[in-house]
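K.L.:
Sequence:
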Amino acid sequence: MTIFAPHRDTLESFVDCIHGGADENALTRLLAEDVVLYGPFGDEPITGREAAVQAIKTVNGLASDDTYLEVLSGETHHAAHFRLQVGNAAVNGIFFVRLDADGKIAEVSIFYRTLPSGVALQRNLADVIGMQPWELRSCTTILGQADN
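Residue numbers (the UniProt record's numbering): 1 to 148.
Everything labelled a hint here was simulated from the structure, so no lab data went into it. Any given hint might turn out to be false.
Unchecked claim - Label pairs and their calculated CB-CB ranges:
1. VAL128 / PRO6: 19 to 29 Å
2. LEU115 / ILE3: 33 to 43 Å
3. VAL119 / ASN25: 32 to 42 Å
4. ILE3 / ASN88: 38 to 48 Å
Yeah, the Cβ is synthetic: ideal placement off N, Cα and C, and Gly gets one too.
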């Protein structure tokens, strides 16, 4: 018998939240206070609930399609398969999620493919927010993390 990680409903609620426009209050309820978001744009993760909420809302707001296609569950983690499109660039990816004992999202690692689509997506995100594509790596302020 396969045993699945607890709190799958948290990730399903997250998916519903994204499909509903990434409501700030709903995201705040779903994310742990010390959540860590490992994304494809920067060397450092986005840390903390407030920064993660803003990053998710920013990307969701820029996307013409931010669709979660399936929630997957294993023994210790959950994942969500998604499609993200900004402008004419679209990627398919996975949110690999670890939940804490309280059922809050504690850690997210974001992976997507293909590389050419990812580069185009990065270029489109940068264009929309008025930056050069390479600046996204060092400017986590735009994606939710305040400067120190």
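K.L.:
Confirm or reject each hint.
P.N.:
Quick rundown of the hints versus the structure:
no.	hint	in the structure
1	VAL128 / PRO6: 19 to 29 Å	38 Å, violated
2	LEU115 / ILE3: 33 to 43 Å	35 Å, holds
3	VAL119 / ASN25: 32 to 42 Å	34 Å, holds
4	ILE3 / ASN88: 38 to 48 Å	43 Å, holds
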